[in-house]
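J.: With chain A held as given, fit chain B onto it using these hints.
There are 2 protein chains.
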Amino acid sequence: MVEIIDLRDNKNSDIFESLASRSQLEHGDVLDRVEDIVGNVRRNGDKAVLEYTAMFDKVELTSDKLRVTEEEIKEAYTKVDPKLVEVIKKSRDNIRDFHEKQKEKSWFSTDTEGVIVGQMYTPLEVVGVYVPGGTAAYPSSVLMCVMPAKVAGVSKVVITTPPGKDEKINPAILVAANEAGVDEIYKVGGAQAIAALAFGTETIPKVDKIVGPGNIYVAMAKRTVYGYCDIDMIAGPSEITVVADETANPVFVAADLLSQAEHDALASSILVTTSEIIAKEVQRELEVQLEALERKEIARKSVADYGAIIIVESLKDAAAVVNRIAPEHLELCIKDPFAALGNIKNAGAIFLGNYSTESLGDYFAGPNHVLPTSGTARFFSPLNLSDFMKKSSIISYSKDALAKVKDDVILFAESEGLGAHANAIRVRFQDNQRE
Amino acid sequence: MVEIIDLRDNKNSDIFESLASRSQLEHGDVLDRVEDIVGNVRRNGDKAVLEYTAMFDKVELTSDKLRVTEEEIKEAYTKVDPKLVEVIKKSRDNIRDFHEKQKEKSWFSTDTEGVIVGQMYTPLEVVGVYVPGGTAAYPSSVLMCVMPAKVAGVSKVVITTPPGKDEKINPAILVAANEAGVDEIYKVGGAQAIAALAFGTETIPKVDKIVGPGNIYVAMAKRTVYGYCDIDMIAGPSEITVVADETANPVFVAADLLSQAEHDALASSILVTTSEIIAKEVQRELEVQLEALERKEIARKSVADYGAIIIVESLKDAAAVVNRIAPEHLELCIKDPFAALGNIKNAGAIFLGNYSTESLGDYFAGPNHVLPTSGTARFFSPLNLSDFMKKSSIISYSKDALAKVKDDVILFAESEGLGAHANAIRVRFQDNQRE
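Going down the list, the protein sequences come from chains A and B.
If you read the first sequence in our numbering, its first letter stands for residue 1, the second for the next number, and so on.
If you read the second sequence in our numbering, its first letter stands for residue 1, the second for the next number, and so on.
Do not rely on the hints blindly, as some may be mistaken.
What the hints assert, rightly or not - Examples of chain B residues toward chain A, derived with CB under 7 Å: (1) P82; (2) V85; (3) T203; (4) I234; (5) D317; (6) P367; (7) K399.
Said to hold, decoys possible - With a Cα cut of at most 25 Å, we get these calculated DMTMM-like pairs of lysine to aspartate or glutamate: (8) K168/B x D64/B; (9) K156/B x E75/B; (10) K296/A x D245/B; (11) K74/B x E184/B; (12) K280/B x D431/A; (13) K296/A x D317/B; (14) K156/A x D317/B; (15) K89/B x D97/A; (16) K90/B x D111/A; (17) K301/A x E414/B; (18) K90/B x E414/A; (19) K101/B x E414/A; (20) K156/A x E113/A; (21) K103/B x E113/A; (22) K399/A x D29/B; (23) K105/B x D336/A; (24) K90/A x E100/B; (25) K168/A x D111/B; (26) K404/A x E414/B; (27) K103/B x D111/A; (28) K105/A x D111/B; (29) K79/A x E414/B; (30) K89/A x D64/B; (31) K335/B x D111/A; (32) K103/A x E113/B; (33) K105/B x D93/B; (34) K83/B x E414/A; (35) K74/A x D93/B; (36) K89/A x D407/B; (37) K399/B x D93/A; (38) K404/A x D81/B; (39) K404/A x E184/B; (40) K301/B x E414/A.
Since the hints were made in silico from the structure, they are not lab data.
The structure presented is a predicted model; accordingly, all values stated were derived computationally and were not measured.
For every residue, glycine included, the Cβ atom is placed at its ideal position computed from N, Cα and C.
Okay, chain A solo, but in the shape it has when bound (with noise of 0.2 Å):
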């Protein structure tokens, strides 16, 4: 049964030292071969990305073969069930019409006579896409990861995906991509793929951004090259925390914390509550549904190691706690959940009473699912528009706005030893200028 940590009298835990354990950045000894990978593709292109293909996908490929054919998408549409394939395009519709509303627009302002500042926002040109394969193959992340790039205007949206052995990539994936427009796909994963993404290859083109969930040695490849190319985030295990008053249904606060935990052995499923009925009844709910689950081997393993039921006395106290998770999901199943978003400073998707549960945010609602976790939702942000698109400043003086703070500018660059500077702006006044 899962622990109930009752923080009312003792104001700490180590449950929290625990949840930072499972960061993905805890894992050094990976980062050595995965470097070797990197320089490696980087410096052979499509000959170390075949190589490894065929060393860790044990798929013996051909740079004309590394991309995804039409027929093959094609091929994808008659083995996914009709069903799900609308279901795909309602919540691509979802994910565009919530993206949409992002939108940021180039602005300028004209306060002073003769100056004008502004921001100007650009898409990014081409973005990579990174898509985990085998038993991980989510074609909701697909979505996810592409339509915010698109509503952005990227111009060429490229996937990798790891081949299975008979060289095939998850029908449903396929479906996926196509329906939210993603301009080429390539059979190619692992930290083989990060590094083709960030450099180019032969076949392969360079990218801008790479964004999308992986394993350990695509969060270490897409650190390594981080610079190289702009990343999403470095993903680690995903965690849920939910806070609960006596307002709350022990029935679906259990199935939720479940549905974070059936993800992976090292993910995290906490509740904060109020009440220590509401503690109990979890507790032995927990019970009753994991015995149910299809999955419940890892979710076992993961309630047991990183699940914890903490009762505080308060609201504000429970929000403290929070903060401090700075979990990926959160969910709020009290009486006035609205009310209590003052208080929340860290947490990646924020789902407001009894009916918001998570695996609605995670295939349909609009929101991104790609959230900072392990506790990255202190300074990461769901993936969003902003994620595609760059900003310029823009700076514009007439000769009379720049007469008026020329010598401010002067003396600041002089008093930096910035002759040159200061240069820059005394020949704009000298005699015998042409204007």
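T.: Then chain B, alone, in the frame of chain A:
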């Protein structure tokens, strides 16, 4: 004399590869040393910080002397020209104004009955600003890094900067920090400062994000701690590209190219022009102005190694060159600079017209001078308000709203083999549940 490259016939030049080779990422040999320092500070806190400070800065400090005192700040004011203090205040106000215009609001939408989705914006809690010491101590950078954090509403802004051998910090740095409203200043520099900010020590607080320029050790350390906290970007040598047509003033253009070149022998100053006459006049003018510069040795090396004058057929071709270089600073010294913006995709800050010189932006206009360098304007943005904010998704569905989509969510979840996700929806519509 700087080389003139005619791209009107041949569309390629070594200059592009030469620029890319300046990246700070190409110094892997430094990385091992930096990782040792970061690991040591992480494990040993203040003790390690003080050892490295003794080793690198030649100053023996104790934990209680790491933090700059109120008295030291007061003393700094007695050593700074009061006129400079006034300019610092004016510049600070301009930076504040510009970044206040970037404010984004939390929002939600209620398009569908019973459905609320949105995004909540929250400032980061604690931010660390790295400020280089020695000859590269720039109070203007203090303002540029600190003001956006303060405008965003960050609760605590902390500076780390290496002490001189006399244990002191450059007084202009202290004045700028104080005028910007910095909360704490610590006498520690290099990779040890970055590690202290990322993991916290007995004295120095753990931060959510580290921003600010630094040398190769600082850049590599930021890369190493990325993921434990956020970082702004990995800065490298800076560059300016000036696009000029026949209406440009060669004296102004040469002065602006040199204002970048004086920063650093690795800096790059490139003119792209449609006019052969301007090309030759700027080439000549560079020689004249170089002789008069205080930092002429640095500037001359920069211009010789990474400078170029490129002749192109049209302004559209000029934009293509700009987009390939993705310069930190771009000046459009052309007849109708605003009309050219549509073709510019990659540039950190864009200066429009003959009187919008780069040094105006470095010191005074308000937009940030912490800009993506070494071609990273392809995907990175100027430091800006959103660097100090994070987003949380908001999802609220009523029971009726969830009922309408429940079958879709269940189908999608089950297609991915995630039964507990489907179950979290199902339990909400089973009989005999509390509402």
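J.: Indicate, hint by hint, whether the structure satisfies it.
T.: Against the structure, the hints come out as follows:
1. P82: Status violated, d = 11 Å.
2. V85: 10 Å, violated
3. T203: Violated, about 21 Å.
4. I234: 4 Å, holds
5. D317: Hint on D317/B: violated, closest Cβ of chain A at ~18 Å, above 7 Å.
6. P367: 4 Å, holds
7. K399: Interface hint status for K399/B: holds (5 Å vs cutoff 7 Å).
8. K168/B x D64/B: 15 Å, holds
9. K156/B x E75/B: 23 Å, holds
10. K296/A x D245/B: 69 Å, violated
11. K74/B x E184/B: Roughly 14 Å between the alpha carbons, so the hint for K74/B and E184/B holds.
12. K280/B x D431/A: 22 Å, holds
13. K296/A x D317/B: Distance ~61 Å between K296/A and D317/B Cα, so the pair is violated.
14. K156/A x D317/B: Given that 25 Å is the threshold and the Cα spacing comes to 22 Å, the pair holds.
15. K89/B x D97/A: Distance ~44 Å between K89/B and D97/A Cα, so the pair is violated.
16. K90/B x D111/A: At roughly 16 Å apart (the allowed maximum being 25 Å), D111/A and K90/B satisfy the hint.
17. K301/A x E414/B: 21 Å, holds
18. K90/B x E414/A: Within the cut-off at roughly 16 Å; holds.
19. K101/B x E414/A: 29 Å, violated
20. K156/A x E113/A: With a Cα-Cα distance of about 41 Å, the restraint between K156/A and E113/A is violated, given a limit of 25 Å.
21. K103/B x E113/A: With Cα atoms ~23 Å apart, K103/B and E113/A stay inside 25 Å; holds.
22. K399/A x D29/B: 48 Å, violated
23. K105/B x D336/A: Distance ~22 Å between K105/B and D336/A Cα, so the pair holds.
24. K90/A x E100/B: 38 Å, violated
25. K168/A x D111/B: 40 Å, violated
26. K404/A x E414/B: Violated, at about 67 Å.
27. K103/B x D111/A: 17 Å, holds
28. K105/A x D111/B: 22 Å, holds
29. K79/A x E414/B: 16 Å, holds
30. K89/A x D64/B: It is violated: about 61 Å lies between the C-alpha atoms, which goes past 25 Å.
31. K335/B x D111/A: 23 Å, holds
32. K103/A x E113/B: 23 Å, holds
33. K105/B x D93/B: Holds, at roughly 22 Å.
34. K83/B x E414/A: 12 Å, holds
35. K74/A x D93/B: 59 Å, violated
36. K89/A x D407/B: 14 Å, holds
37. K399/B x D93/A: 21 Å, holds
38. K404/A x D81/B: 21 Å, holds
39. K404/A x E184/B: 34 Å, violated
40. K301/B x E414/A: The hint holds at about 21 Å.
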